[in-house]
Amino acid sequence: MRGISYAIGQGIKNLFRNKWYTFASIATITACLFLFSLFFAVIINFQNMLQTAEESVSVTAFFQPGVTEEDILNLRVGLEEREEVANVEYVSADQAWAEFSADFAEYADIYTENPLADSANLVIYLKDVSKQGQLVDYLNGLEMVRDVNYSEIAADTLSGMNSVIGYVSVGLFIILFANSIFLISNTVIAGIAVRKNEINIMKYIGATDAFVRGPFIVEGILIGLVGSLIPLVIIYYVYNAAVDFVTGRFAILSSMLTFIPTKELFHYLIPLSIVLGVGIGFIGSALTTRRHIHV
Amino acid sequence: MKRRKYYDVPEDNVITLRNVYKSYTKGTPALDGISLDIREGEFVFITGDSGSGKSTLIKLLLRELEATSGYINVLGYDLGTLKHRKIPKFRRNLGIVFQDFRLLENRNVFDNVAFAQLVLQVPKYQIKRNVPDILKTVGLADKYRSKAEELSGGEQQRVALARALVNKPLILLADEPTGNLDANNAWEIMDLLEQINEQGTTVLVVTHNLEFIEKMHKRVIRMNQGVIVEDEEGGIYDDERY
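The listed protein sequences derive, respectively, from chains A and C. Per our numbering, the first sequence starts with residue 1, numbered consecutively. Per our numbering, the second sequence starts with residue 296, numbered consecutively.
One thing to keep in mind: the hints can contain errors.
[Stated by the list, open to error] Below, simulated DSBU-like cross-link-like pairs (lysine-lysine); rule was C-alpha separation at most 30 Å, straight line: (1) C:K321 x A:K13; (2) C:K378 x A:K196; (3) C:K423 x C:K442; (4) A:K13 x C:K442; (5) A:K13 x C:K438; (6) A:K19 x C:K442; (7) C:K378 x C:K442; (8) A:K19 x C:K419; (9) A:K13 x C:K513; (10) A:K131 x C:K384; (11) A:K196 x C:K513; (12) C:K354 x A:K196; (13) A:K13 x C:K381; (14) C:K381 x A:K196.
Because the hints were derived from the structure by calculation, they are not lab data. Here the structure is a predicted model, which is why all the values come from computation and not from measurement.
The task is simple: from the sequences and hints, build the whole structure.
The following block contains the structure:
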């Protein structure tokens with residue numbers, strides 16, 4: 001227990017002993033995590049918008065004349081069991097006509113009978129637009145299906161964007177993470193150099209590895225922690241201001257620009273940023289002390 | 296796998312070396328087949344020119360370095376097979392003093408000595424008792440609040456000595472402890488080392504100073520180019536011969 005309290009006490013003292021290095025490290029981690037958080041906020045909103053868009057992508061299946069409502073409803077049950085399918089809506093011929101009549105009343109008056117008698121259809125919403133092709137193939141292969149309506153471009157664009165965002169986020173994350181580890185490592189190396197004499201004495205006296213390394217690891221963790229909290233505060237204000245600005249400026253796109261509420265964003269961002277900051281601090285200092293302190 | 300050869304260690308030996316070689320690169324080894332017995336409670340001078348292997352010997356005894364071959368036993372620890380994680384526990388039996396004192400700057404005398412106990416996680420109430428005791432032994436009881444850098448060389452070395460002694464080591468290694476001191480201060484340190492030895496601690500002193508060797512009549516081990524060329528009880532050191 002005394003070892004732990006010693007490590008914490010010394011770790012805190014180290015922060016103040018090497019003020020400039022501490023300041024530089026916190027500043028760089030803040031910068032890295034600020035970029036990360038900013039990027040995260042943009043990505044998560046973008047994905048949210050994409051998801052909203054994806055959910056509206058649907059495939060409509062029309063049926064051969066003579067196919068009964070019962071057959072269609074049976075198919076609906078089968079489709080709902082497919083993993084790429086989110087939900088299936090049945091639109092009967094009467095409903096289809098009612099919707100058309102409501103939209104285009106002036107044309108509807110011409111008809112006495114339902115001209116869309118064979119237009120009963122299933123509207124299928126997908127969980128994953130990239131699997132639209134599979135579903136369309138399946139539907140086209142069914143004898144009862146007369147025609148399948150879908151938009152290939154919408155699905156391809158959305159799934160393409162999704163994977164690009166995935167790759168970009170992973171790439172950027174790796175760069176920021178490696179950069180932060182490198183910076184923490186430099187701070188710890190500087191700290192070790194400053195305290196070389198003390199470390200040597202500790203070794204000769206018979207201090208354990210853990211005892212010598214403990215304060216540096218605490219120092220790294222604290223730098224990481226502070227470095228993760230500052231960007232959270234900045235992002236909080238920047239995000240609110242940005243959302244207000246964009247929704248005010250581009251009100252015309254309000255149906256597409258569905259921003260995630262600040263509270264929900266921070267629900268993910270707070271633990272993520274702290275875990276990353278503390279993780280970077282811990283890994284950076286643990287690796288460095290392992291390499292540079294030999295008992 | 297290379298088979299290790301085990302040697303009989305005489306019962307009262309605290310340091311035993313058998314056929315110890317240490318080379319840093321290919322070429323002349325720093326230690327060239329040294330065998331040595333140091334018994335409990337001895338006071339031993341190790342002398343020799345620069346590059347004779349004295350520092351290497353001290354580093355091997357501290358297990359800061361590993362021998363290239365040969366057998367080293369210190370206080371029952373076979374240093375050739377000593378596991379890395381057991382090194383700290385082993386070192387707690389040794390005290391070490393350097394020529395350049397190596398005190399912690401910006402800390403006072405008390406903190407410098409207490410540091411040695413802090414590292415070993417000795418309870419605070421014991422530290423408060425032990426540190427003044429040892430400062431009294433080295434004659435610095437009234438200077439415990441002075442900053443290390445405010446002290447004279449002799450005083451700084453006494454602080455270093457107190458730090459080495461506070462954990463009650465069985466062996467004290469002093470590497471040129473008087474190298475940076477004037478004659479008076481140097482003798483004070485030597486007197487202290489002798490007192491410590493009289494209380495039962497085995498003391499090894501690396502020195503160039505022939506005056507101590509001649510006047511103190513202790514065992515002298517003289518090294519030259521990695522070998523022991525003279526090992527005399529009673530400090531009869533004949534400089535003419537070399």
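Here is how each hint holds up against the structure:
| no. | hint | result |
| --- | --- | --- |
| 1 | C:K321 x A:K13 | violated, 45 Å |
| 2 | C:K378 x A:K196 | holds, 24 Å |
| 3 | C:K423 x C:K442 | holds, 18 Å |
| 4 | A:K13 x C:K442 | holds, 19 Å |
| 5 | A:K13 x C:K438 | holds, 25 Å |
| 6 | A:K19 x C:K442 | holds, 22 Å |
| 7 | C:K378 x C:K442 | violated, 38 Å |
| 8 | A:K19 x C:K419 | holds, 29 Å |
| 9 | A:K13 x C:K513 | violated, 46 Å |
| 10 | A:K131 x C:K384 | violated, 64 Å |
| 11 | A:K196 x C:K513 | violated, 35 Å |
| 12 | C:K354 x A:K196 | holds, 18 Å |
| 13 | A:K13 x C:K381 | holds, 29 Å |
| 14 | C:K381 x A:K196 | holds, 22 Å |
Comparing the model with each earlier hint shows violations of hints 1, 7, 9, 10 and 11; every other hint is respected.
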